[in-house]
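Undergrad: Mapped onto the numbering used here, the consecutive letters of the sequence shown carry residue numbers 1 to 1146.
Hints listed in this document are in silico derivations from the structure and should not be mistaken for laboratory results.
Ideal Cβ positions, reconstructed from N, Cα and C, are used throughout, including at glycine.
Be aware that one or more of the hints could be misleading.
With a straight-line Cα cutoff of 20 Å, these simulated PhoX-like cross-link-like pairs (lysine-lysine) come out [claimed, not checked]:
#1 K746 with K732
#2 K1066 with K1039
#3 K704 with K510
#4 K1098 with K627
#5 K510 with K569
#6 K622 with K647
#7 K560 with K524
#8 K488 with K510
#9 K953 with K1098
#10 K472 with K488
#11 K689 with K622
#12 K466 with K524
#13 K524 with K732
#14 K689 with K746
Estimated spans, in silico, between C-beta atoms of each pair [claimed, not checked]:
#15 L181 with H63: 28 to 38 Å
#16 S197 with D491: 51 to 61 Å
#17 E708 with V209: 27 to 37 Å
#18 R1080 with I17: 56 to 66 Å
#19 D491 with M253: 51 to 61 Å
#20 I818 with W333: 34 to 44 Å
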Amino acid sequence: MTNLPLYRLIVFNLLEINLRSAMVFHCWSPREAYPLAKLMSESGIFAQFIDLQQDPEHLANIHKDYLDSELPKLAVFLDLGCEMAESVTNQSSRARLYNQNLHWLLYDEAGNLTKLSHLFHQANLSLNADVTHASRQEEAQDTFVLRDVYNKGSHLGGQLNVTIDRSLQCNQSHCQVRDYLSDLHLGSKLQHRMDLSSITFRLAALVSVLPINSSEEALLEFLNSDRDAHMDSISRIGYRLILHCQEVLGFKMHYIWCGTWSVQDAFGGAIGMLTNESAEICTTPFVPSWNRLHYVHPMTEQAQFRAVCMFRTPHNAGIKAAVFLEPFMPSVWFAFMALLIFAGVMLWLIFRLERRWMQKCLDFMPSLLSSCLISFGAACIQGSYLMPKSAGGRLAFIAVMLTSFLMYNYYTSIVVAMLLGSPVRSNIRTIQQLADSSLDVGFDTVPFTKTYLVSSPRPDIRSLYKQKVETKRDPNSVWLSPEEGVIKVRDQPGFVYTSEASFMYHFVEKHYLPREISDLNEIKLRPESAVYGMIHLNSTYRQLLTQLQVRMLETGITSKHSRFFSKTKLHTFSNSFVIQVGMEYAAPLFISLLVAYFLALGILLLELSWARWGRRTILTLKLASDKRLFSHRYHWLIYDGFNNFSKMKTQFQETQFFIDADVTYVMRNISNSFILYDLHNKGLQLGGKLNITADREVSCDKQKCELERYLSDFHTRTPLQHRRSLTGLTMKATAVVNFLPINSSKEEIFALMENLNHVHVDTYGRLGYQSRQPLRDMLDCQFDYIFRDRWTDDGNVTGGMIGDLITHVADISIAPFIYSLERGLFLQPLTRFCVFREICMFRNPRSVSAGLSATEFLQPFSGGVWLTFALLLLFAGCLLWITFLLEQKRQWKPSLLTTCLLSFGTGCIQGAWLTPRSTGGRMAFYALMVTSFLMYNYYTSIVVSKLLGQPVKSNIRTLQQLADSNLEVGIEPAVYTRTYVETSEEGDVHSLYLNKVVGSKRSPDQIWLSTEAGVEAVRDRAGFVYITGVATAYAFVRKYFLPHQICELNEIPLRDASVTHTVVVKGSSYAELFRLNEMRMLETGVHLKHELFWMNTKLHCYQHNHTVAVGLEYAAPLFILLLGAMIVCVGVLALEVLWHRHTTLR
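Input sequences plus hints: build the corresponding full structure.
TA: In structure tokens:
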């Protein structure tokens, strides 16, 4: 039993790390090993015992015979005191078994650390080794000291590390930690082993753009530099991430330079160094493949890898030569031509008939050819200089013109859609189509592209390589550098260049115009995939490096380097591409038309246009000003070749520029230099002046334009930021006032608007006025107020404030609006203002059952329960009568009716004046009383919960129910409320108006009540309904109502609650300026401050505030029942008296 503490230690160590499978290498006798086997069996641990005293031949292949397990983790106990222990450690070292898959517990009775150092000094220990050394303390035999044993990399210069961990005290029953001897328990083992400053990693460094025999300084300088980011971008991304890992772990690196990624998928090149473990890490990430995953482990995604075939659309691809004839079928063309010839003949006959039979005719007789020319001119939308004079002839000509117009619209729509709908793309979409085409193909010189072409098993790739490389007279001519290949693609439409996308995109952005980028076609050479940082599958550093790279991926370090070194997208816009119709496309047109005639006509038109150019330019600008086209919707670039600055100022002084105008005026400075000016006016109608700001100077040649210098700080901010101040301008502001007569003086109106008392008066108008004052200060302008007595005249889009906005009388509204579909046609919402809610408010009517039914006092139990309880009381009465008969001790015996009366009295918790004397009888009476007590408690609990659990609400829940009820209604005379009630097309609102206003017998003064009077009427007259807005009514509710009266209020929405917005008229040039400033007020809480002060939109009802007063209408059924019972009782008493007299007389 001396080894029992050791056995407890072994079991404790395995259970601590939740291991249930173990191999025990020992040199004990079976009798000594039996207690350990028993302990493991009791603890649910499967263990296999290997005796090291057996024949050495059976221990020659320990790692294959015993430790080659498919379990994810296995525990191994080894007694270092055995003679064969050294053989076990040596075999395990050669088999590389000291890793995270095996938990080793080494026990040395003597605690000889020199022996431990001898065994493991040269052992193949790893960074992730899970080896624990245990020994007894000399002074306490039941105490064991545990040490952590590992090596950060013996083959990389690491040294054996033995760290003392803890001491355990074990007896025959259990183990416990006695003391922690280091801080090893405070973190995971990897956290304590992150310092790799003593080891040197072998780094496979890939550089393909420099000769591999270059000096190491030159190669390192290339990897560390930021220039030419497109060259070896993938390898440089991985190298930057490795440098970050080196900063954290502190390891050193020995560089092994190579120039290829691989030779055969998983072998050769940089990947081969990882698979044969001649390098621990590699600078370049790789595309994972099935063969590679047998040897390496992908850590994290580092970049995207896209190998594409890029080419511009060839001139003979995508558009057919007969594209201008394709909109119609040949039969349609022939039918249209025959129709035109027929129309020409008909016109010729009409001209002849007019000349012969009518007084009004042409001065000469057109020939048949002229008539046909008129018909064909109409088909070409060219009009006609000859017209028939008769009504029938003109109708015939109109028919020809109309038919031609419809044909022309069909034709132009189809042609424009085909030519300008989208960039013309080649119909070559796959690698196989490219291989079968006649296009020339070039390939990048990088090794992985050539390796993939040569070794890929895909049939289309093999076909492409065979037809585009092997069949060439000079196969070497297809291998081009990226820049050379990209330029050749630009200059030779139809030439195809194949490379990795990020290589090519760098040169495309450098050498291509936007329209040339839009013309590019791409075919994927291989499926798009991500590249991952790789490490050997069995590397001891796999978990540590993976954790670091995942952390860099999460913090964005990987993304930062990937975006810098790798381009994954080319930017093109819809206005970047153009369709160039070549001579081969338009040949049918030029063959059928006379080129010389149109050329002469074009020269004539140019001469006429040159003579009228100056006059038309002025006319165009004036027309644009009249139609308010100088706004943010159009970017105007106006060029003045005469450099007449004073003329420009005079010309634009009265032009309708706006604050959001996007107008650039260009003047030539010197031969190739231009000066750009920004023109705007903050509001000509507000008294604003023309503003001219010099922006920049630009020099241009035939190929490009370059910025020479900035002439102001206009470029540092957006145009609106430069124009945000409206100093010196006065804006028209429309406001609403309902409380005062509209003809009141402005002093009285401003006094009301600026007064902070009586927030219920003109709440929305005054809230708008107060919240607009900060906006006025931010704009640094003045407001000229237009006061109205209503928002709209018709409740929608005419009259009132909304009419001022739509008719451009006012620039800004003070009060908010509810946005609707009809208003959306004219107004543009800017920001949220406040909530608008109108309700029908009333207290529960006493004459109507609201919440409680007439049978409320019978509802706690169902009819079956009441019937069962009554039968039970009758049965108890019979039992009591029998009990009194059996007792026979009383002078008189109660009748059966008396005992039933006792039973029902007990059921009503009334007690009993007569009780049995026997024990059994009293127990029966107690059972009856307990049953009645429980029924009484159930009953009262349910009734009280219904009466007092929540405020009683009316069963009138909708406007239609309110309209059909007999409740009196009062309405707040606010303009928006009255307009909505009188003009709404909603069925329930219209029914409410007809029943409660039009059909009411009360005077209008009793219906249209002020807010204060209406709220007091709701308080004093239960069942009186008042229609009002919550913003005005809640102030009086809080003032006049008691808490329990607030809880009793019922609310029915008059309309759906909606959010009001600040609005401007659509197309307002100040919309964005107002919106930005209002958003600023919302963000800083300025608007919220005003809204909370002026708006009360919620009433608070707490559970202890409400009470329920049960009126006579609720208790009437009980009193009626009691009265009926008394009448019945009187009748029965009368019968008894008569019966008694009858029997006495006899």
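Undergrad: Each hint: holds or not?
TA: Now for the hints, and whether the structure bears them out:
Of the pairs offered as hints, the one joining K746 and K732 holds, with about 15 Å between alpha carbons and a cut-off of 20 Å not exceeded. Taken as a hint, the K1066 and K1039 pair is broken in the structure, with Cα atoms around 42 Å apart against an allowance of 20 Å. Pair hint K704 plus K510 holds up; C-alpha atoms about 12 Å apart against a cutoff of 20 Å. Restraint check for K1098 and K627: the C-alpha separation of about 49 Å exceeds 20 Å, so the hint is violated.
Among the hinted pairs, K510 with K569 is consistent with the structure: their alpha-carbon atoms are about 14 Å apart, no more than 20 Å. Of the supplied pair hints, the one linking K622 and K647 holds, its CA atoms being roughly 15 Å apart against a limit of 20 Å. About 26 Å separates the Cα atoms of K560 and K524, which puts this hinted pair outside 20 Å; it is violated. For the given pair, K488 sits about 14 Å from K510 by alpha-carbon distance, which is consistent with the 20 Å threshold.
In summary, the hint linking K953 to K1098 is supported, as the alpha carbons are separated by about 18 Å, within the 20 Å threshold. Restraint check for K472 and K488: the C-alpha separation of about 18 Å stays at or below 20 Å, so the hint holds. Proposed proximity of K689 and K622 is supported: the alpha carbons are some 18 Å apart, at most 20 Å. Pair hint K466 plus K524 holds up; C-alpha atoms about 18 Å apart against a cutoff of 20 Å.
For the hint pairing K524 with K732, the CA-to-CA distance comes to about 62 Å; that exceeds 20 Å, so the pair is violated. Taking the CA atoms of K689 and K746, the gap is about 30 Å. The hint is violated against a cut of 20 Å. For the pair L181 and H63, the supplied restraint of 28 to 38 Å holds, since their beta-carbon distance comes to about 32 Å. The hinted range of 51 to 61 Å is satisfied by S197 and D491, whose Cβ atoms lie roughly 55 Å apart.
Against the hinted window of 27 to 37 Å, the Cβ-Cβ separation of E708 and V209 comes to about 36 Å, which satisfies the hint. The hinted range of 56 to 66 Å is satisfied by R1080 and I17, whose Cβ atoms lie roughly 60 Å apart. In this structure the hint that D491 and M253 lie 51 to 61 Å apart at CB is violated, the actual value being about 44 Å. Restraint check, I818 to W333: a C-beta distance of roughly 58 Å breaks the suggested window 34 to 44 Å.
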